[in-house]
Amino acid sequence: MRSVFLAAAFFAAAAYGQDAAKEIQRYREMVAEGSPVELFELEGDTLWKKPQGPKNVSLEKCDLGKGPGVLKGAYAGLPRYFKDADRVMDLETRLLYCMTTLQGRTREEATKRVFGNADRPSEMESLSAYIAGQSRGMKMAPGVSHPKEKQSIELGRALYFHRVGAWDFSCATCHGEEGKRIRMQELPVLYKPEAARSTAASWPAYRVSTSSFVTLQWRMNDCFRQMRTPEPAFGSETTIALIHFITATGAGATYNGPGNKR
Amino acid sequence: MKRALLLFAVSLPAFAEPTSQQIEKIMQRDFHPRGQATMDRVVQDGLQRVCTESANRPPAEIARSLEAEQMKTIAFPEGSLVGDWKRGEAIAQSGRGMTWNDKPGQEAGGSCYNCHQLSPHEMSYGTIGPSLRGFGKARGAGPEVQRYVYGKIYNAKAYNLCSNMPRLGASGTLTPQQIKDLVGLLLDPASPVNE
Chain W
1 MRSVFLAAAF FAAAAYGQDA AKEIQRYREM VAEGSPVELF ELEGDTLWKK
51 PQGPKNVSLE KCDLGKGPGV LKGAYAGLPR YFKDADRVMD LETRLLYCMT
101 TLQGRTREEA TKRVFGNADR PSEMESLSAY IAGQSRGMKM APGVSHPKEK
151 QSIELGRALY FHRVGAWDFS CATCHGEEGK RIRMQELPVL YKPEAARSTA
201 ASWPAYRVST SSFVTLQWRM NDCFRQMRTP EPAFGSETTI ALIHFITATG
251 AGATYNGPGN KR
Chain D
1 MKRALLLFAV SLPAFAEPTS QQIEKIMQRD FHPRGQATMD RVVQDGLQRV
51 CTESANRPPA EIARSLEAEQ MKTIAFPEGS LVGDWKRGEA IAQSGRGMTW
101 NDKPGQEAGG SCYNCHQLSP HEMSYGTIGP SLRGFGKARG AGPEVQRYVY
151 GKIYNAKAYN LCSNMPRLGA SGTLTPQQIK DLVGLLLDPA SPVNE
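Those protein sequence lines, which keep their order, are chains W and D. Residues 1 to 262 (our numbering) make up the first sequence, in order. Residues 1 to 195 (our numbering) make up the second sequence, in order.
Isolated chain W, as found in the complex:
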């Protein structure tokens, strides 16, 4: 009798699991259909062309790796090494570089509010949406051959497994084994190509739970917050190396973003 009851409970739980998975999939599809990503792209378009800073110029001459002002496919080639700055940069760090060099803004002013919220997205977020959107349909191909690119990817790999902080976490503590969850959130194993590809193909993204647009610099920042470490600087070698490692692991994915996240 007892075992019959247990079996019934098991099948009920399994059915619940399947229904929940189907519901989540349906919800994701609904969200993707009505995604507000386009609004962020439009705002980014305006900001890209808006004269700003002491030099009162726009970002239209910013070189994101394909030549000054070339946006088509630029995001798909990042992160990469930039000779003028003599370092590896991701999209946001490169934008910051253009804000300080082309527009003459200070780093302090340009990074005052890099992460926005539902009421007011940040300049960096809207610009990221606009620029990433112009790589849709292209293969992700970050720089992997320059010595500094190789070094950055190796640093990212080592950081991924480096345990620190008040709770002894590394990235791999949560993102280390297939099929694991935090609460209901599934956790991609980002040192493996399969999960890294879908991450590379979908970030930056609109985040439904906070109604805001989020970037990879934000993702690194908020993961470290939850790892109970101090705060990494925006565009630091640490955050770029992690983004570079994940993107290089996911290289070859067709960019399909900006995506939608929970």
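Be aware that one or more of the hints could be misleading.
[Stated by the list, open to error] If you want the footprint, here are the derived chain W segments under chain D, 3+ residues with CB under 8 Å:
| # | segment |
| --- | --- |
| 1 | 149-159 |
| 2 | 162-175 |
| 3 | 234-244 |
[Unchecked claim] Anything over 12 Å on all C-beta distances counts as not near chain W; from chain D, calculated:
| # | residue |
| --- | --- |
| 4 | Pro33 |
| 5 | Gly35 |
| 6 | Gln44 |
| 7 | Met71 |
| 8 | Ile74 |
| 9 | Ser80 |
| 10 | Asp84 |
| 11 | Ala90 |
| 12 | Gly126 |
| 13 | Pro189 |
[Unchecked claim] To be clear about the criterion: a stretch of chain D counts as covered by chain W if any three or more of its residues have a C-beta under 8 Å from a C-beta of chain W, and this derived list gives those stretches:
| # | segment |
| --- | --- |
| 14 | 46-52 |
| 15 | 94-104 |
| 16 | 107-115 |
| 17 | 152-166 |
Since the hints were derived computationally from the structure, they do not count as laboratory data. No experiment lies behind these values; they were computed from the predicted model shown. Positions of the beta carbon are idealized from the N, C-alpha and C atoms, including for glycine.
Got chain W sorted already, so can you dock chain D onto it with the hints?
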């Protein structure tokens, strides 16, 4: 100039995977303290270093000796270790505490449901740790079990050096009373965990 030198110093050797000492230097340069998250947190302690360098599979002898060292951090209170399971459930639910935007001094939670199944009434549970449903029902609530559960929550690394689980007592996240309440959640026959 000084910065350039530092960059040069930490970027050698060319493409080999950086050592944990090099990573630590890079993190000390790239991170800044915020709120209660101070810079000492990017300095690895002995076990973090050993677990990182051995990919969480330390040589048995080193593991035993470091586990013994961690065991010494646990101060077991006198008497029963079984607290109030209702308070324990609230502590298990809460993911607050120790981050740079948590108020220092404010009561933290244990983030237990982030990784473990506990009460059957909570469907939103993580799977990084094992399911703890029915934990006390299967093991009873004798003094040895109480001591094991209290110790494991206080400092998981005393039992398994490279465990994914934080040292919730030793890190100052939870108080001894909160840990007792979690012991109650796991062991009290009236707790939903043991339904």
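Hint check results:
1. 149-159: holds (count 7)
2. 162-175: Our answer is that it holds, as 11 residues pass the Cβ test (under 8 Å) against chain D, meeting three.
3. 234-244: holds (count 4)
4. Pro33: The claim breaks: proline 33 of chain D does not keep its Cβ more than 12 Å from every Cβ of chain W (closest is about 5 Å).
5. Gly35: 9 Å, violated
6. Gln44: 6 Å, violated
7. Met71: 16 Å, holds
8. Ile74: At roughly 16 Å from the nearest Cβ of chain W, isoleucine 74 of chain D sits farther out than 12 Å, so the non-interface label holds.
9. Ser80: 28 Å, holds
10. Asp84: Given a closest Cβ separation of 24 Å, the condition holds.
11. Ala90: Nearest chain W Cβ is 16 Å from alanine 90 of chain D, so the label holds.
12. Gly126: 5 Å, violated
13. Pro189: 19 Å, holds
14. 46-52: Answer holds; 4 residues pass the 8 Å Cβ test.
15. 94-104: holds (count 4)
16. 107-115: holds (count 3)
17. 152-166: holds (count 3)
Violated hints, in rising order: 4, 5, 6, 12; the structure is consistent with all others.
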